[in-house]
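A.B. asks: In order, the protein sequences belong to chains A and B.
Going by UniProt numbering, the residue at position 266 of the first sequence is 266; the numbering climbs one at a time, nothing skipped.
Going by UniProt numbering, the residue at position 438 of the second sequence is 438; the numbering climbs one at a time, nothing skipped.
If a hint is listed, it holds; no wrong ones were tucked in.
Treat identical chains as interchangeable: a pair holds within one or across any two.
Calculated lysine-lysine pairs in the BS3-like style (CA-CA distance at most 25 Å, straight line):
id, residue 1, residue 2
1, K334, K179
2, K224, K330
3, K215, K334
4, K224, K334
5, K177, K215
6, K5, K47
7, K177, K330
8, K177, K334
Think of the hints as simulated: they come from the structure by calculation, not from any bench.
Predicted model only: the values in this text are computed from it and were never measured.
Number of protein chains: 2
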Amino acid sequence: MPTYKAPLRDIRFVMNELLGYEEHYKALPGGEEAVEVVDAILEEGAKFAENVLTPLNQPGDQQGCKLEDGKVTVPEGFTEAYQQYVEGGWPSMAQNPEFGGQGLPHSLGMVLNEMICSSNLAWGMYPGLSHGAMSALEHHGTDELKQTYLTKLIEGTWTGTMCLTEPHCGTDLGLIKTKALPEADGSFKVSGTKIFISAGEHEMSDNIVHLVLAKLPDAPAGSKGISLFVVPKFLPDAQGEAGERNGVSCGSLEHKMGIHGNSTCVMNFDSATGWMVGQPNKGLAAMFTMMNAARIGVGIQGQGLIEASYQNSLAYARDRLQMRALSGPKAPEKAADPIIVHPDVRRMLLTQKAFSEGGRALILYTAQLVDKVEHGSDEASKEADEILGLLTPVVKAFLTEVGFEATNEGLQIFGGHGFIQEWGMEQFVRDARITRLYEGTTGIQALDLLGRKVLMNQGETLKKFTKQIHKYCQTTSQQENMHEFAKPLSELNKEWGELTMKIGMNAMQNRDEVGAAAVDYTMYSGYVILAYFWAQMAEIAQKKLAEGTDEQAYYQAKLDTARFYYARLLPRTRAHAAAMTAGADSLLAMDESAFGLCFEV
Amino acid sequence: MPTYKAPLRDIRFVMNELLGYEEHYKALPGGEEAVEVVDAILEEGAKFAENVLTPLNQPGDQQGCKLEDGKVTVPEGFTEAYQQYVEGGWPSMAQNPEFGGQGLPHSLGMVLNEMICSSNLAWGMYPGLSHGAMSALEHHGTDELKQTYLTKLIEGTWTGTMCLTEPHCGTDLGLIKTKALPEADGSFKVSGTKIFISAGEHEMSDNIVHLVLAKLPDAPAGSKGISLFVVPKFLPDAQGEAGERNGVSCGSLEHKMGIHGNSTCVMNFDSATGWMVGQPNKGLAAMFTMMNAARIGVGIQGQGLIEASYQNSLAYARDRLQMRALSGPKAPEKAADPIIVHPDVRRMLLTQKAFSEGGRALILYTAQLVDKVEHGSDEASKEADEILGLLTPVVKAFLTEVGFEATNEGLQIFGGHGFIQEWGMEQFVRDARITRLYEGTTGIQALDLLGRKVLMNQGETLKKFTKQIHKYCQTTSQQENMHEFAKPLSELNKEWGELTMKIGMNAMQNRDEVGAAAVDYTMYSGYVILAYFWAQMAEIAQKKLAEGTDEQAYYQAKLDTARFYYARLLPRTRAHAAAMTAGADSLLAMDESAFGLCFEV
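So that you can see chain A by itself, here it is in the shape it has in the complex (with noise of 0.2 Å):
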């Protein structure tokens, strides 16, 4: 069975090196408890992860969820480390102090994501689909919507889930045909049928919370005539607590790839009584609060499982013997050479290395963004959220592409091996494969930041984060040891945003140019993002390795793999450079008709 230990150091390397966390903290408002607190979360995070989330990962993926007589049943223990977490006071962490939140930054809450995510994915998501709930209802509810289910998911006794898929739509939302008719009382009845919807239906908490997108009877057609609804499992009773039953019901459970441990519901609404959050035909923009977060929870998702795969990987590749190195033995007392040792293994070893110590970096300072956006001043807020809305489609989309590929690698390391069950690789690579399609396919998160995010606006907020790493090549390629990398990343940083205008430019004359770039651009984009957060963990080791360290080894390390990054992963951006500018005509030029003529003649 796999096993996992939480990164402890890398964290404090990214968040107190890199980051410079407890400044953050310190300029945000109360800012100096999180400062207090950061060790004991990081340190009683790692434990529940380890100790108790990790055993429950593999039997959990193996007994799936059951469901009889509407009754869903989960794995074996998820319950009980649901209580724990409660217990622990886990879910109110980020949360209002309002309504019973201890109001700490939600950096923090990213953190220890990142240690539910590796440890056991499938159960992360029961707690993991509350957070959009609160969001949604921090942001858009009434007072009173808030004290009666705000209150109840942070404590943690009521979980949530978001209710936006339909059998006919899952990203053109505008399509949705389930109802929601007013009552005199100002409540609605909400009838439809949702899928897809992860811990739709569980007896983990006392009561579950649908936030649900919904048609009124009067709306407008398509995405513009889209309201938003909360509609409880279980009617509040007049203390507040689960009462009767409302109209909502498990039809059926999926059968997945992956994330078996995680119940994803068929859910039917048959005049469920619901009420409104936000503004009529308003809800797909109170739905992207709640999606945004989500889509960095993915992101979160995908770097999470390449640490838990390299982990075990790694470990495999210093046990197993077989064959010996190609420029002779290495361990001539064994019968042959640990797999370590094999250029190859090695390559694959690093490249997941790469991508989840790239990646927390570049989620972390995500993160201090998101703190910014919630706690800062006006202007800094608004700074932040800008380039906070131009990375979360890179974070999402390119940490779990590559996070797909580095769990394989994972897999692969293990030989045939990793195609049995009983190792756990492969539960890995399936559970990582949702990542790339929920909360918005990468083609979805493609086309939100090269059209949305870049283009809508010229390119501005793209110049912004350009300039930043324009300054820091500059500055540091007066450092000769950084000449390795900030050529390179200079070089790529200019070639961004010519890329950019000339996309730009072709799209003006076809709008189908931005479709045809999108992905391959995303891809381009998430290395040269990734090859800047080297370049700065480069240099904070080439710095601690000249002053002299206890910790050379560790140092060393990251130096050796930023150079691999700049070596064997960043030359990927040569291929899509190409691809994204090879035209829109090279897809579309093809009749829809012939696309089937090899095998229906």
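Start from chain A and add chain B according to the hints.
C.D. replies: Showing chain B alone in chain A's frame:
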């Protein structure tokens, strides 16, 4: 449930228009017969794949295999399908007439094999493993062994396995522990445990013929001390039929990520009676006869799965309505446009199409080499064997790597539905995942290509192949409409040689440079080789379009796919070229003990 239609139009394009199969067959001894039966084989094979195997594929995945009281139960319908296969005379098609075969060229079997792999990979492995056993017996067995075992295998009433791997060794077969003790009567008592034995136990056939690697008591250490034995499940009786049970049993079935319909067994040999195949201590060489054919077979699996995935993702892309095209509605009468209008969906479809059709061309080219090795004149056979040796690891590694990518693109086109088992797209992904591992991982194929096939004879074999491409480019560059292909192909072909030289020079200083470059070198080679076939296919299409044809749409699609390949996939060579020349230091610099410092401290 997924559907499948054998791509006969495209198979005929490759056989007749691209590779001149009629002339190829006519040049083989007895090849006239192949010309006569090829159509019947294509059409009967298509029916069998479409109507018999395809409907069993998804149920087979869901039912899996079961072991009870030493007996393995295969999914429903598998045994009956195998009986039909035997009754149809398929096992004997390309086998030696002396032992009951029809003596048709092997290439015909490979054409059939694509269809089997597309329609039901797990089922296909039951007869598939027999091929390896037949090949080893044919080339290395005594006449007596052939009469006893080969005849039955060719008839199909008995099936075969390859028993190589043991718990502690897969790649490194020199470490095997299975023992073979000589008996007075010339037989051997074989004892040991083998794992990952595909089709190791079942009751689909009357007997199972295990080809087992084991060590003689006085064998030299390592891979020079391995011998090959035939060990049947039932000892043949006086009539040559399955008689007394031998000391072979299935200890357990592996729980795998995919190919659930195939029984992957732990096989225990307990003083089982066996007979040596070939010379003592030369078992590895005899096994390689089986391995090379098996490796091409796995490449076909990769390509076959792409084709199956493509056909289903295309159907979905035409059917699923979601969003409007960025350039304006394409199906204004519908609620939304079919997703095939979106450029990124087309990018994924075309990626599948380009790899499937390009892969088919490469495979059927390789198939001609197999025919020539088997049936050609001494000189033609030797020449073919050399190029076949070069291409085999590329067929295996490249087509399974892109096979995994392309089946994942197929899943991705389905959005969240792709993750749901019902649609069958995730089964293609899970089934495809094994192909990167078994019969030698991608890393092992890459060492075979770069280390053995290319560098061991100073690139002489490679030169023969690049010279062929060079000549092709010279000729076609005279046609103006071929410039777009001939120019980039010619440049890459030249670069291929230069990169090889560079790595070869580095490897003289440090053997680890081979391992450090090998996988990127293999992928690079694959992209160039496919570009060579795509150029040829484009040339044929251009010619047909210029001449006029009543299949204009087919040839235009072929040309468009070639252009897509050159514009969007071929640029990946840039990333691989950079990575392969990055040097071994980027992989070996880090101290082994430092890999885990991020989480071990």
